[in-house]
Amino acid sequence: MWDFAGRDTAIDLGSDTVRMHVRDRGVVCREPSVLARSRDTGHILALGRPAREMAGRNPDVTLVRPIRAGAPTETDEAEYLMRHLVRRHHRRHYTARPRLVVTVPSGMTSVHYRALQFSAYQAGARRLTLVPTPIAAAIGMGMTSASRPEIAVIACVGADVTDTGVIAFGGLVTSHTARIGGSALDRAIVAMVRREHGVALSRSAAERAKLEVGEVPPLGRRPVRQTVVTGRDIATGMPREVVLTTLDIGRAISGPVTEIVDAIRAGLTGCSPEISGDLVSVGITLTGGCARLPGLERMIRERTGLEARLGDDTGDAAVLGAGEVLRSAGSGEPSARKSSPRPHVLTTLPEY
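Numbering-wise (the UniProt record's numbering), the sequence shown opens with residue 1 and increments by one.
None of these hints come from the bench; they were simulated from the model.
Each residue gets a CB set at the ideal place from its N, CA and C atoms; glycine is no exception.
Be careful, since some hints might not be right.
Derived Cβ-Cβ restraints for the label pairs, each shown as a range [as the list claims (entries may be wrong)]: (1) ALA191 / VAL228: 11 to 21 Å; (2) ARG194 / GLU307: 29 to 39 Å; (3) ASP233 / SER204: 29 to 39 Å; (4) GLY237 / GLU150: 55 to 65 Å; (5) ARG194 / THR75: 30 to 40 Å.
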């Protein structure tokens, strides 16, 4: 059967959200990276938002998260997710085999590297390039290229991973990946409500509370806000409402937030003295969904001594940068410096 080449495609495989960029069309997809699978037949029933809506409402459905910590943990399901999205957004060209760029954590292991490589080719990739997330985010925000000597410090705070990289000349000088992110904050809120109020709260309700009133303590002069969440009373089994304030959320998330800041600090410790002297003027640019948590920039500044600021398009920066890598490769321009082919020591991974 004849294969349609397809438009160049970039994918940011997040543990919570998968984003896709198609050449000349921009970002076409921001879907939850979950699948709904039937318990009886094992068939995939839905993916993305429809799958998330089925969770907990249909007893025959189990929710599958094929991407954990930015890497595929369920190879078959990750292949299904990528193949379905590629086919959907290449419209009627179901045999599309595009050039594919996928963002990966800078500390990705060789096992996860091979699993992602297998899933991408099975999903229809004609050519595959893996780019570390800090480099992709820096390119997406226009902060670095292979020909510019400027230094950039990127901290990608995602759902499961905090990935920090120091970048110069389009390559990673040093990096650090820690398995801590926004999901840990949600789990801490669920645990606090269960412990102090005797109410079992869903992860989605905890996430909504975090987004509505969450803030890193101390609050200073900012007003205390509150929100109402509904869960199941552990003693009676009946629905029950709980009022959570900014102080409650801040107390619950203080531990995970401290771990996130420590992970960002660890990403700066491998710099040479020459580069360390430049970090004071460069500062740290934050990307990722959890980077928008109020007060996080202040806490990073207090713990590291470096200015922290939110980058542009914090959620889409990595996938936009991956799309730019494809555009530069298509025009014959080098996208980033290549280094050791070992997948667990990443500067930019080679194409296959």
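Comparing the hints with the structure gives:
no.	hint	in the structure
1	ALA191 / VAL228: 11 to 21 Å	19 Å, holds
2	ARG194 / GLU307: 29 to 39 Å	38 Å, holds
3	ASP233 / SER204: 29 to 39 Å	18 Å, violated
4	GLY237 / GLU150: 55 to 65 Å	59 Å, holds
5	ARG194 / THR75: 30 to 40 Å	34 Å, holds
Violation of the numbered hints given earlier is confined to hint 3; every other hint is satisfied by the structure.
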